[in-house]
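S.K.: Build the full structure now, drawing on both the sequences and the hints.
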Amino acid sequence: MIRSSSLTQKQRADLVAYLDGELDEPAAKEIERLIASDNQVRHEADMLVRSFELLDVLPQQRASDTFTAQTMATVRVSPRTAKPTPMARRIGVYAGWAAGLVLAAVVGFSIANRWVPDESRMLIENLPVIQNLDMYTEVENTEFLRELQASGLFDEPADGTNQ
Amino acid sequence: MSVATSDTSQIPYLRDPDVQLMLRAQQGDDEAFAQLVAAYQDRLVGIFTHIVANRETAEDLAQDVFMRVYRARDTYKPAARFSTWLFRIANNLASNARRNAGRRKEVPLSIRDSGPLGPRPQEKLIADKSALLPTRQLARRELCETVRAALDELNDRQRMALLLHKFEGMSYDDIAVTMEMSNSAVKSLLSRARENLREKLDAQIQS
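Chains A and B supply the protein sequences, listed in that same order.
Be aware that the first sequence starts at 76, since it is given in this note's numbering, and climbs by one per residue.
Be aware that the second sequence starts at 2, since it is given in this note's numbering, and climbs by one per residue.
Keep in mind the hints are simulated off the structure, nothing from the lab.
A virtual CB, placed ideally from N, CA and C, is assigned to each residue, including glycine.
One thing to keep in mind: the hints can contain errors.
So the derived label-pair ranges between C-beta atoms look like this [as the list claims (entries may be wrong)]:
| hint | chain 1 | residue 1 | chain 2 | residue 2 | range |
| --- | --- | --- | --- | --- | --- |
| 1 | B | Q207 | A | A144 | 42 to 50 Å |
| 2 | A | T141 | B | P135 | 30 to 38 Å |
| 3 | B | Q207 | A | Q135 | 36 to 44 Å |
| 4 | B | A40 | A | A173 | 43 to 51 Å |
| 5 | A | A148 | B | R100 | 27 to 35 Å |
| 6 | A | I166 | B | G29 | 44 to 52 Å |
| 7 | B | L144 | A | Q84 | 27 to 35 Å |
| 8 | B | A186 | A | I166 | 45 to 53 Å |
| 9 | A | S153 | B | P13 | 27 to 35 Å |
| 10 | A | A102 | B | R69 | 32 to 40 Å |
| 11 | B | A40 | A | T83 | 39 to 47 Å |
| 12 | B | S185 | A | D140 | 54 to 62 Å |
| 13 | B | A186 | A | A174 | 32 to 40 Å |
M.R.: Printed below as a string of C-alpha cells:
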C-alpha cells in the first residue's frame, strides 16, 4: 500500500475535508497546492475517493411494505400524555401549593401540640389547688395539719352531732 | 395547516417541510406523522442494517425511533432540521443497541461449516446455484462482502459518521449536531474513518 508519509495528521484531515467539500478557501488552496506538487498526495486523494465510492456496492435495505401501517398502529395505541392547558396547569399549581400549606399546618400543629408544654393543661391539672389557694396560703405547712388530725380535736362524734 | 410564513424569520427551521409535518403531528394530525414515517423509514432501516447487520432488528430500531418521536410530539420544538433531530435519536438508539446486544455478525454458511454430517441438501443446492452464477455477479457479491467487512471493522462512531455522510449526505455541521460533537471532532473522526476504510479496501482498489 502506497501511503503518503509527507502529510501531517492535520493535512490528512484537511485532505479528507477537501474531498468532502468541507474545507474553507485558504486551507483548500493549500491542499490543492499539495495535490498538484506531490504525486503521493495525489495518489492518496485518489485512493480515498475510490474507497469511499466502494460503499455504493452495499445493498440499501428498504423497510417492509407494511412498516408504515404497523408503525402507525403501534403509535396510536400508545398512551398519549396530554399536554395540560395553561389554565389547567395553573389550577394544578395552585392546588399543589394549597395542599402543601395545609399539610405544613397540620404537621406544625402536631409538633407544637406534642412537644411544646401547654400552660393551660398545667392550670387545669392543678385547679383544685388553685381554687383553695387562699386557704392553703393560711396554712404554713402540712405538719401542723397532721398534728391537728392526730389530736382528734376535730373528729366528728359517732352519732353525727356537734358538741 | 401550517405555521405562518412570518414566523419563519424568527425560527429558521420552520422552512423545513418535515418540521411543518411534525408541527402538524403535534396538533394531532396523524396523517402528517404517517407521511414522516413513510419518508424516513427506508433511510432509517438502511442505516440500522449497516450497524446491526440484521434486517429484523433494524426495523425494530427504526420503529423505536418513530415511537420516540411520536411520544415527544407534545414538547417538540424545532431547534434543528427534522432529519438532524431524527437521526440524533437514531444514533442514541444505535449506541444502546450495540452496547446491550453486542455485535452479531451474519456469517454466510459455507460447505466447510456444515459439520460432521456433511452439507445439508439446501446448502448443496446453494453451492450448486453459486457455481451457475455469472462470474460478474459472484465477483460483485464478494466485493460487497469485503466492503461490508471493512465497514464493520470501524468503531461505532466512525461507522455512524461515515454512514450519515455517505448515505444521508449530511454535512460536517449536521453530523456534529446529530452526534453531539464539535465540528472539528467530526472532521477528525471522518478523516480516521476514511483512512481506515481506505487501508482495508486497498487490495480491492488496486485490483
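S.K.: A separate judgement is required for each hint: does it hold in the structure or not?
M.R.: Okay, the hints, checked on the actual structure:
| no. | hint | verdict |
| --- | --- | --- |
| 1 | B:Q207 <-> A:A144: 42 to 50 Å | holds (47 Å) |
| 2 | A:T141 <-> B:P135: 30 to 38 Å | holds (33 Å) |
| 3 | B:Q207 <-> A:Q135: 36 to 44 Å | violated (26 Å) |
| 4 | B:A40 <-> A:A173: 43 to 51 Å | holds (48 Å) |
| 5 | A:A148 <-> B:R100: 27 to 35 Å | holds (29 Å) |
| 6 | A:I166 <-> B:G29: 44 to 52 Å | violated (23 Å) |
| 7 | B:L144 <-> A:Q84: 27 to 35 Å | holds (30 Å) |
| 8 | B:A186 <-> A:I166: 45 to 53 Å | holds (47 Å) |
| 9 | A:S153 <-> B:P13: 27 to 35 Å | holds (31 Å) |
| 10 | A:A102 <-> B:R69: 32 to 40 Å | holds (38 Å) |
| 11 | B:A40 <-> A:T83: 39 to 47 Å | holds (42 Å) |
| 12 | B:S185 <-> A:D140: 54 to 62 Å | violated (43 Å) |
| 13 | B:A186 <-> A:A174: 32 to 40 Å | violated (49 Å) |
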